[in-house]
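Heads up: the protein sequence lines correspond to chains A and B, in order.
All letters in the first sequence, in the order written, are residues 0 to 295 by numbering that gives the first Met the number 0.
All letters in the second sequence, in the order written, are residues 0 to 295 by numbering that gives the first Met the number 0.
Quick caveat, the hints were computed from the structure, so don't treat them as lab data.
Take the hints with a grain of salt, since some may be wrong.
Copies of one chain are not kept apart here, so a pair can be met inside one copy or by any two copies together.
Listed next, the in silico DSSO-like pairs over lysine-lysine satisfying Cα-Cα at most 30 Å (straight line) [claimed, not checked]:
{"id": "1", "residue 1": "74", "residue 2": "259"}
{"id": "2", "residue 1": "259", "residue 2": "73"}
{"id": "3", "residue 1": "73", "residue 2": "126"}
{"id": "4", "residue 1": "98", "residue 2": "73"}
{"id": "5", "residue 1": "74", "residue 2": "126"}
{"id": "6", "residue 1": "97", "residue 2": "12"}
Number of protein chains: 2
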Amino acid sequence: MPCVIAIDLGGTKVTTAVVDSDGRVSGRTKRPAERGGLSATVEQIATSVRESIAQAGVGEVRGAGLIVPGIFSKKTGQAWAPNLWGHDHVPLLTELRKKLALPVAIDSDRAGCVLGEVWLGAARGLKDVIFLAVGTGIGAGILSDGRLVRGAGDIGGAVGWFALNPVHREIYTQVGCWEAESAGPGLARRLNVASAEEVVAAARSGDASAQSAIEETVRYLGMGIANLVSVFNPEMIILGGGLMQARDLFLGPIERVMRKWAQPVAAQQVRIELTQLGEDAGLLGAARLALQGAEV
Amino acid sequence: MPCVIAIDLGGTKVTTAVVDSDGRVSGRTKRPAERGGLSATVEQIATSVRESIAQAGVGEVRGAGLIVPGIFSKKTGQAWAPNLWGHDHVPLLTELRKKLALPVAIDSDRAGCVLGEVWLGAARGLKDVIFLAVGTGIGAGILSDGRLVRGAGDIGGAVGWFALNPVHREIYTQVGCWEAESAGPGLARRLNVASAEEVVAAARSGDASAQSAIEETVRYLGMGIANLVSVFNPEMIILGGGLMQARDLFLGPIERVMRKWAQPVAAQQVRIELTQLGEDAGLLGAARLALQGAEV
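Please model the complete structure; the sequences and the hints are all you need to start from.
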């Protein structure tokens, strides 16, 4: 059975594994991400890949798929991921191909997550699907009729910038309106505490101000999701990311708000689900990128 | 040179013409649309088509392309256009093929407009383009990497339902938040007058309340357009529809508001333009549908 290498290059850690064409994972490695520039990144990936292959005990891999925490340009082969390489666009594809001596396919983490869920997760076999990650930021991986919505400059899906409140606030300029109102840090900000987890814990223990902070966050989450429903008419929206782990506080309420705002027929047709693959969505999407590449 | 029949089936009128593969139009006819059900529509179209072919003096046409003021399902071949046929889904494709004895391609008017502009108008040769019609309603025809964003149920692009104001108003339930705040009737409503044209005329003659009504409409137009920019990262957004004819009052101000909200890199990459084809955008898009069909 054909095997590939999957690489989830995150802002803080690197995960590699061998994945077969049925999605079975073996030889998993995980390390804190090197921050010493592109060559350090590539060196670290090569080490992890060798380790994964040795652990998995496979003779041969057909190629490697990798996701980056930022932007990847298909046209130039360059990647942009400020957590790893500052504001430079780096020639990741060329360097990685050279170092690994394998076919390499790269895409963004958002793209990887939606590809993973369509392959093996909540949206198996569907073609109109959005993966929405809500954690320290907000971003979307979008499939329209089976194809990724990349945008002309490969930055499509930057939905954290959705304008949802006609009263502009200063913080919107930094991270976008939807992200400011709905991501984890925004929820923490409503109560002047350090983390969204504190707000979630307080709400569960009955704290009224925490509950209304979550209600306000849910209001904006529902509005932004409604906008995705109206414009894409998707079969499914999959929620992932740290904040969505508090499923009971978010899933039902978000869906109710969404139905209030979205185009009514599209609102009936869509299903809102939590990620089934969790932290592995991106890794499996990376494997899928490599397998698709190998099929070509 | 291959010729096709283009049919712009509107909510109030039917336009037909012969169009060649360079986009030259001849034999144009225009009639008020029949409201007597599908068979009356098909009968009227057949009459207009015969007239167009006779007027244009062409021997042969390769096929017909038609746009509908509503929804067309590729899967079922059925159309839904409440202004013409109430709330029924009608078997337009089958009936029209039978009557015209030609290959027929159908799509929505929004799809037709963006295809027309990409073929012969403001967005020639581009692949990531949005046509936004702002008139009595708001709707978008969206091309992502050269392909129409249809949605799972063929109702993608229903952007009039964008949620842009966390304070929900009753009217949003009927037409959607963005449409209520930004289409022509919404602008008229701000001053309790009968039409958007009155508000535009008053603003031009220096009326301060008319000017602030337009400012408020522009604020919402800019926000919604910003959302399209952030999620699609398009090369161009083309504005059409009745309201956008007051170019001086809208184009620059909308662009300024858009830049305040949209993802900053995507905001730099996009161009906002007015339609170059005006009322012919849809008709030429219909021709394009037929020509593409004929190529297959």
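Next item on the list: Return the numbers of the hints above that this structure violates; sort them in rising order.
Entry: No hint contradicted; all consistent.
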